[in-house]
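Chemist: Chains as they are written, first to last, in my numbering: chain U, 48 to 553; chain P, 208 to 373; chain C, 419 to 1098; chain Y, 8 to 109.
Take the hints with a grain of salt, since some may be wrong.
To be verified - Now the stretches of chain C that chain U is said to cover, found in silico as 3 or more residues with beta-carbon under 8 Å: (1) 574 to 581; (2) 587 to 596; (3) 616 to 623; (4) 654 to 663; (5) 842 to 855; (6) 1018 to 1025.
Said to hold, decoys possible - Only pairs whose alpha carbons sit at most 27 Å apart, straight line, appear in this in silico DSS-like list of lysine-lysine: (7) U/K467 x C/K455; (8) C/K895 x U/K467; (9) C/K895 x C/K455; (10) C/K802 x C/K895; (11) C/K451 x U/K503.
As the list claims (entries may be wrong) - Examples of chain Y residues toward chain P, derived with CB under 8 Å: (12) A20; (13) T32; (14) M41; (15) A79; (16) A80; (17) L90.
Hints are computed from structural coordinates only; laboratory data are not their basis.
Just so you know, even glycine gets a beta-carbon here, dropped at the ideal spot from N, CA and C.
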Amino acid sequence: MTDNVLSWMTFFPVAGMVVVLLLPHDRHSLIRWVSALATLPPLLLAIWLYANFDRTSSGLQFVEKAPWIPTYNIQYFIGVDGISISMVLLTALLSFLCIFASWGIDKGVKGYFALFLLLDTGMMGVFVALDFFLFYIFWEVMLLPMYFLIGIWGGPRREYAAIKFFLYTLFGSVLMLLAILALYFASEPHTFDMTQLIAQSGKYGTSALAMWPFDRWGWGFQHVVWMALFIGFAIKIPAFPFHTWLPDAHVEAPTAISVILAGVLLKMGTYGILRINYPMLPAATADLAYYFLGALGTWNIIYGALCAMAQKDLKKLVAYSSVSHMGYVMLGMASFTPQGINGAVLQMFNHGTITGMLFLLVGVIYDRAHHRDIDGFGGLAAIMPVYTGVTAVAFFASMGLPGLSGFISEVLVLLGAWQKYVILSILGASGVILIAGYLLWTIQRVYLGPVNEKYKSLPEINGRELFTLVPLGIIVIILGVYPHAILDLLRSSLDQLNQIVIPHLS
Amino acid sequence: MDIATALFYLVAIITVGSAAVVAFSRNIIYSAFSLMGTFAGVAGIYVFLGADFVAAVQLLIYVGGILVLILFAVMLTHRITDVEITNRAAGRIPALLAIGIFIFLLVQTIRETSWAKAKEILYAPTTARIGDLFLENYLLPFELASLVLLAALIGAVVLSRKELRE
Amino acid sequence: MDQPIQTDYLRWIVLLPLLGAATNGLLGAQLQKRFGKGLISTIAIAPVLGSFLLSVRALFDLVALQPEQRFLIDRLYTWITTGSLNVDVAFWIDPLSAVMILVVTGIGGLIHIYSIGYMHDDNSYWRFFTFLNLFTFAMLLLVTGDNLLLVFVGWEGVGLCSYALIGFWYQDHVNTTAGNKAFIVNRVGDFGFILGIFLIFWTLDHQGHGTVSFREIQKFASLLKNQEIWGGGVATLATLFLFVGATGKSAQIPLYVWLPDAMQGPTPVSALIHAATMVTAGVYMIARLHFLYSMAPLTLEVVAVIGVATALFAATIALTQNDIKRVLAYSTISQLGYMFLGAGVAAYGAAIFHLMTHAFFKACLFLGSGSVIHAMGGEQDMGKMGGLRSAMPYTFWTFAISVLAIAGTPLTGGFFSKDEILWQAFSSAHGSPLLWSLGVVGAGLTAFYMFRQLFLVFFGNSRADHHTQEHLHESPKVMTVPLVILAIGSIAAGWIGLPEVFGGSQFAEWLEPVFGKPHEMAASEGPELLLMICSVAVAAVGFFIAYLMYYRGALAPERFSSLAGGALYRLFYNKYYVDEIYQAIFVRGTLLLARTGAWIDQHIIDFIVDGSAKTTAYISWFNGLFDNYVIDGIVNALANITFWAGGKFRKVQTGNINSYLYVILGAVVLAIIVRLRYSS
Amino acid sequence: MAIGLTHYLVIGAILFSLGLYSVLTRRNAISILMGVELILNSSNINYVAFSHFSSGNVEGQVYAIFVIMLAAAEAAVGLAIVLAIFQIFHTIDVEAAETLKE
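So here's chain U without its partners, still in its complex pose:
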């Protein structure tokens, strides 16, 4: 089993899905437990992977390779390195916890868990795939269940949200597909193998295309492909102005799906840029990173924080805070310093755990009060003290309080960015003030203040909900105190990635 551990991790949930489909549709608890069992092995394997990952190597590990469609040189090629390992761990963890967060689903249970398990496979596949074609397939496999999960199990405006999500991502996928084909035909021999494409990265033209408006901007083939890929990924991140699907999707999606959406799906955008744009198109990356990652990321930080401040819906607020936090990832990536890029990937992981917690917490309160209006609560701290305590950890982690994980990654990102773009770093750091502002304001309105008589008898958070939250909380604290638990995994691969791009920086 350890020989192809990644395949097991990727496809075990699908096997679980088949089992779920064969179960009678009214055996709800059986279906839930089978789903939990289907996501447990990937988690255990992820822990094994974590223990056995070679932290000194910058290369690919646990590689599996087999020809798949030889006519077009398509392979089944998977593996992990420092760029993806943290995401694989995060996916395995969140998928497992989210099964338990989905316990309360009672409409179409069978379909829900079947789709969820399919989604799990799609996500895992995206992070381990090293063949471009395989990557794209997993990418699409992940979108479809997501669409149905939002569109069927979502809130009142689910159709709108689902269609918006689908249109945005479809638009992104099309551009990505075009870029993938462009790279395929540019490579010689034609290949989808990412390692080969990276090895040939010097060959893709950088001289300006003789086509308006590219000739004006001095964009070559590489830049155009970079841009196509970037838009595809930016939608996922989501970067301004492609971010408006996120608040709607989050608000309508069921809790567990929000967690997956924010915890894993958003990371695919930045992961894709690191995995594909950086090594395959280094020259374009060097030329464009400042504008489209650095400046846009900073704009994301501030704009997202401002929008979050204006929200009245708790879930929407968290959604916008994701926009803001993902801005740090973009800014860190753009810096090409070890601190910046390590901080960015660490931030991806941290954001996954912290925002996961936040959405789970919003779900807890939504299940009890059946609304999420920030001004409609008040004084919850007196009614649900344990819940409020956990919330405080999550909120302060999100605020980047030292000692919790968010701080490390934000400091690394801003520190890294300082060397390259002082102004952006200062602006990004000012975002921290805004973030503190809206989160504290929210805490005050929801948890503090006089007890709202309407909710006087709300039950305290239960054991199952705590079970989903506590592991994340522990990780948040551990990574704040000992960030090398993750940083060690990343370092060598990311440093090597930096070395690919840095020579192209003028």
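Take the given structure of chain U and dock chains P, C and Y to it, following the hints.
Modeler: Okay, now just chains P, C and Y, sitting in the frame of chain U:
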């Protein structure tokens, strides 16, 4: 015109004619029965084309299976004693117009295209060759087909189960 | 600098309070329910006392060493290594941080004990002690951290605890708002602090020595010379950035606004956090990085000016306040201003000296006011007090001693330390007579408002209602004993730092390894003595005015308050309207921006998205198919996948199937035509 | 004129058109299904004809058999649906069923 040619035309006329009845008849019972003529005619055409196995399959499945199903469906949904058996049609004129243009273009295309020609035209038994293909090159689709059939089977059963129709 | 001595007990000084906080935080609610409040306070106080004892041990260990070797370090593990950044979790003690940990654990311990009595009737007892312990941990981390980032952890950590304790009684909106204000204003300061760290790190890194550790920065500080950024010296800019942090934490202009509001917290919190320890973090930080500040004369000038301006500014506001704790709050801001004045004239030792004496007398004042509030049943308005002298003798005497100390009465702690600062402000190379004279005016104001408070609260006839008068009582022992100890400290602490005139300061000598020799001040005892007399005289004037106004009633306060048509008084009384101005500009401005952003999202970006979605829907017939899938809700179909597919099939059929077919047909016809036209 | 590929293709085209006409004009679900069968048969004729005249191997016939198989599945499910609809709506007029859409 040798006898084979005459025979071909006869089969062709039966096929097309009964198909026309299927399409134009006002009475669904007539349509259903003349569908038998079409299926049989097509089987005959397969024989002309040297496809003995396909012809046999056509007869077995279409005439023996599908047609019987259709007849059953017609019977179940219409009390035979009813004088008025609805087989309403709507929008005939635009449909005829469209079909007319379409068939004209199709025939144009058929005539103007220079189709590839085989080196030699064989009239050999095909069953063995088809069997080989199914078990070698087309094994996966073949298995998938069986799955599809199974799914259809289950689906049909589920659909006709009483409680799900509430 | 020699290799410092590695020890393994320093970590416990810092971590013991954390243990206490963790125990109480996780189990406190249960323990309190089952075993009562005694256990909670034991769990909380034992670690602080342990830390105190260890701090004393560290002190003795330091004393045993040669002065220039007085460093102890305790390295735990590597916290962050990325690229050239290398940050350890390590604690170190040198004479400066030794003073600080003694203040934090010593005075902190007393305040912990005091809280047993003060918080006794509160149900959230365990929560209070959790945060108090957590605060002690963060503060110790701040003063013993061996690098800037670790200090920053403590720096924000104390802010968090301050936030949590200001809003301790969270059911009241006013308290939580004050907490938010404190945290956010501090965040503004932290923002500057972290930028300062970045600037120092990268400037050193460009020369191959990127580091954030204090000792290394000191070693390579000379590399920062002649480095420029944006046309200014790096040292100047970095120290200014860090000073922004200090203004936030230590409540200096322009970020002082949070401290008066912070008085909403329980009084022991005000004493510990908002008087004795946390607010002095800025002074500590400047003293810790004195080698950088000394390289940046411009920054020093800014620090000194802001310090003296704050001292005066806050003192004028304190003149008019009626809330017993608010007067103390403004007085704290003012005293902090003195410390910054000291730091700003490069007299770091004097600043730290004042920090220490101030910790004693201000903690004592706050705890005394807490005792008064306790006795008055929660009343804080001095207009309703009076005559408490007889009812609360311990509280009165300790309060009075502290007032004497803060007013700079000769031979008390406040006298020596304040005078040291004023003397340095006059004589140091960075000082000037102007700074000195402003400082002296401030001292006069201080004497006035402190005696005003003393007279209003403890003398005269009681202005409280009948009910309150009957319930007046002295506080329990657990509260008065810490008061007495602190009052003794307020006097005694001054004697370790005698001025040159009276034989020289042991305190300065103790800090010498850190700050270097205090520059030879033209050992002119004459001027020093003269200036001392001047400031004492000004303070005495302040005392007399207060005496006449509030004790004898010979001088009506209205004589002053109606000066300039009362405008000046209103200005002071309303705190120069700074809160209102900030509210209008920053809070409203940010909210306006926020709403604009949200509006853009909803009305512009979504308009484009929805518009294109709609257009797509109209243009494409196939979208109809798509809609059928979604809108018709294929929910029940999912009961069985096959059935589900069947359901969809049916619904597609019942749509406008003909239209689809015609469209398909049309498309095929077109394709054929195209093929016929162009292929042959 | 000898019987050649063209003849078969024309037969296929005519069958296709008739099937399409059925599908387009009929409102009776079973008639529509019959039209679909016609279309499928026409495509089969093309497959087999090309297999015979153009490629010379039997792969076309294999496809034809697949199509027949699909047609069988489609008929089974389709007719089951028709019966189900009939049970509920007591009509199999597709437009009538449409108005009762959920």
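Chemist: Give a verdict on every hint.
Modeler: Hint-by-hint comparison with the structure:
1. 574 to 581: The restraint on the region 574 to 581 of chain C holds, since 4 of its residues have a Cβ under 8 Å from chain U and three suffice.
2. 587 to 596: holds (count 6)
3. 616 to 623: Holds, because 5 residues of the region 616 to 623 of chain C bring their Cβ atoms closer than 8 Å to Cβ atoms of chain U.
4. 654 to 663: violated (count 0)
5. 842 to 855: violated (count 0)
6. 1018 to 1025: As far as the region 1018 to 1025 of chain C goes, the hint holds, because 3 residues have Cβ atoms under 8 Å from chain U.
7. U/K467 x C/K455: Violated: U/K467 and C/K455 sit about 55 Å apart, past 27 Å.
8. C/K895 x U/K467: Cα-Cα ~60 Å, so violated.
9. C/K895 x C/K455: holds (17 Å)
10. C/K802 x C/K895: Roughly 25 Å between the alpha carbons, so the hint for C/K802 and C/K895 holds.
11. C/K451 x U/K503: Given pair C/K451, U/K503 holds - Cα atoms ~21 Å apart, limit 27 Å.
12. A20: At about 4 Å, which falls below the 8 Å cut-off, the nearest Cβ of chain P leaves the hint on Y/A20 intact, so it holds.
13. T32: holds (4 Å)
14. M41: It holds, given that the least Cβ distance between Y/M41 and chain P is near 6 Å, below 8 Å.
15. A79: holds (5 Å)
16. A80: holds (4 Å)
17. L90: Interface hint status for Y/L90: holds (6 Å vs cutoff 8 Å).
Hint check: violations occur at hints 4, 5, 7 and 8; the rest are consistent with the structure.
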